[in-house]
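J.: Listed below, chain by chain, are the residues.
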Amino acid sequence: MPNPTRIEINCETGVETVIELTDAEVAELAYQAELAAEKKAEEEAQAEAAATAKAALLEKLGITADEAKLLLA
Amino acid sequence: MANTYTLISSATVGAVPATSIDFTSIPSIYTDLVLKVSARDTNAIYREIFLTINGSTANGTAKVLSGNGATASSYNATRVEGIGYTNNSTTTANTFTSVDFYIPNYAGSTNKSFSADGVGENNATTAYAELTASLWSQTAAITSISVVLGAASTFAQYSTAYLYGVKNA
Chain D
1 MPNPTRIEIN CETGVETVIE LTDAEVAELA YQAELAAEKK AEEEAQAEAA ATAKAALLEK
61 LGITADEAKL LLA
Chain P
1 MANTYTLISS ATVGAVPATS IDFTSIPSIY TDLVLKVSAR DTNAIYREIF LTINGSTANG
61 TAKVLSGNGA TASSYNATRV EGIGYTNNST TTANTFTSVD FYIPNYAGST NKSFSADGVG
121 ENNATTAYAE LTASLWSQTA AITSISVVLG AASTFAQYST AYLYGVKNA
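Just so you know, the sequences run in chain order D and P.
Be aware that the first sequence starts at 1, since it is given in our numbering, and climbs by one per residue.
Be aware that the second sequence starts at 1, since it is given in our numbering, and climbs by one per residue.
It is worth saying that the hints were derived from the structure and are not from the lab.
Mixed in with the good hints, there may be bad ones.
Unchecked claim - Only part of the chain P face toward chain D is listed, based on derived beta-carbon distances under 8 Å:
hint	residue
1	LEU7
2	SER9
3	THR19
4	ILE21
5	PHE23
6	SER25
7	ALA124
8	GLY150
9	ALA151
10	VAL166
To be verified - Far from chain P, by Cβ distances over 10 Å, these chain D residues were calculated:
hint	residue
11	ARG6
12	LYS54
13	ALA55
14	LEU57
15	ALA65
16	ALA68
17	LEU70
Stated by the list, open to error - Okay, the calculated beta carbon distance ranges per label pair:
hint	chain 1	residue 1	chain 2	residue 2	range
18	D	LYS40	P	LYS63	12 to 22 Å
19	P	SER25	D	GLU48	20 to 30 Å
20	D	ALA65	P	THR57	12 to 22 Å
21	P	GLY67	D	ASP23	24 to 34 Å
22	D	VAL15	P	ALA58	21 to 31 Å
23	D	GLN32	P	ALA124	41 to 51 Å
24	P	THR71	D	LEU72	32 to 42 Å
25	P	ASP117	D	LEU71	18 to 28 Å
26	D	LEU71	P	ALA124	29 to 39 Å
27	D	LYS40	P	ALA124	16 to 26 Å
28	D	GLY14	P	GLY67	30 to 40 Å
29	D	ASN10	P	GLY67	29 to 39 Å
30	P	GLN157	D	ASN10	14 to 24 Å
31	D	GLU12	P	LEU135	26 to 36 Å
Backbone N, C-alpha and C fix where the C-beta goes; we use that ideal spot for every residue, glycine too.
Looking at chain D on its own, in the form it has when it is part of the complex:
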């Protein structure tokens, strides 16, 4: 299977060049994708933790999310 490409269009000349990525560039892309996946997982975990903490606090206070909004309005 060929490596992914990048497409470069020179707007002055109109020449389009399809450039196959080198193995090193593909490895770098895979690394970047891994970093992004880790970051996304971390953000999702933080969001889930915040939602859980919020739900616990609402339960402790004995009010709903709408009632909390009303209090803060």
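Fit chain P to the known structure of chain D by using the hints.
T.: The following block gives chain P in isolation, referenced to the frame of chain D:
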């Protein structure tokens, strides 16, 4: 009101997936630019469509208003963004996300602003539509624009990008 609208260049992704579509040597003879992107990601996770300006991924920010048919939300991004949820291999076959960017005063000497509207199509409950305001805090004239996906993902075959120049906007 614009009185010219000229196609500068366009590209279509072939059978081999592409990581980016790069417009280089953009002439400075226009007032504004319009970039129309139709894209599908080869992977299974929703990714963003970003623009890399003059080869730089830095100095970008974005404010995004997002809806997916069930919920509405807003979020910030740290790059020039078109949409946060590009059609991918989990969405209906042969469907694409459409994003229009408007880039005023791209050749000027002030920071560069971008507006974008992006919509996906999907024969399912969830499909995303977003409005985005981005800023590239650099004063250099824009001479190159690369269209890329988040997490270094790849554009599927038949994804396209069309760059137009607008005069006297």
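J.: Confirm or reject each hint.
T.: Hint check:
1. LEU7: violated, 10 Å
2. SER9: Constraint on P/SER9 satisfied, holds at 5 Å.
3. THR19: Holds. Min distance 5 Å.
4. ILE21: holds, 5 Å
5. PHE23: holds, 5 Å
6. SER25: Holds, about 4 Å.
7. ALA124: Hint on P/ALA124: violated, closest Cβ of chain D at ~21 Å, above 8 Å.
8. GLY150: holds, 6 Å
9. ALA151: Interface hint status for P/ALA151: holds (3 Å vs cutoff 8 Å).
10. VAL166: violated, 14 Å
11. ARG6: violated, 5 Å
12. LYS54: holds, 16 Å
13. ALA55: Given that every Cβ of chain P is farther than 10 Å from that of D/ALA55, nearest at about 17 Å, it holds.
14. LEU57: The claim holds: D/LEU57 sits with its nearest Cβ about 21 Å from chain P, beyond 10 Å.
15. ALA65: Check passes; 14 Å lies beyond 10 Å.
16. ALA68: D/ALA68 is indeed farther than 10 Å from all Cβ atoms of chain P, at 18 Å.
17. LEU70: holds, 20 Å
18. D/LYS40 - P/LYS63: 12 to 22 Å: holds, 20 Å
19. P/SER25 - D/GLU48: 20 to 30 Å: violated, 46 Å
20. D/ALA65 - P/THR57: 12 to 22 Å: With Cβ atoms ~37 Å apart, the hint is violated.
21. P/GLY67 - D/ASP23: 24 to 34 Å: violated, 41 Å
22. D/VAL15 - P/ALA58: 21 to 31 Å: For D/VAL15 and P/ALA58 the Cβ distance comes to about 28 Å; the hint holds.
23. D/GLN32 - P/ALA124: 41 to 51 Å: violated, 29 Å
24. P/THR71 - D/LEU72: 32 to 42 Å: violated, 20 Å
25. P/ASP117 - D/LEU71: 18 to 28 Å: Violated, since P/ASP117 and D/LEU71 (Cβ atoms, about 36 Å apart) do not stay within the stated range.
26. D/LEU71 - P/ALA124: 29 to 39 Å: holds, 37 Å
27. D/LYS40 - P/ALA124: 16 to 26 Å: holds, 21 Å
28. D/GLY14 - P/GLY67: 30 to 40 Å: holds, 38 Å
29. D/ASN10 - P/GLY67: 29 to 39 Å: About 38 Å separates the Cβ atoms of D/ASN10 and P/GLY67, which means 29 to 39 Å holds.
30. P/GLN157 - D/ASN10: 14 to 24 Å: Holds - the Cβ-Cβ distance for P/GLN157 and D/ASN10, about 23 Å, lies within 14 to 24 Å.
31. D/GLU12 - P/LEU135: 26 to 36 Å: Roughly 27 Å apart at Cβ, these two residues keep to the hinted range, so it holds.
In summary, the structure is inconsistent with hints 1, 7, 10, 11, 19, 20, 21, 23, 24, 25 from the numbered list given earlier, while agreeing with the others.
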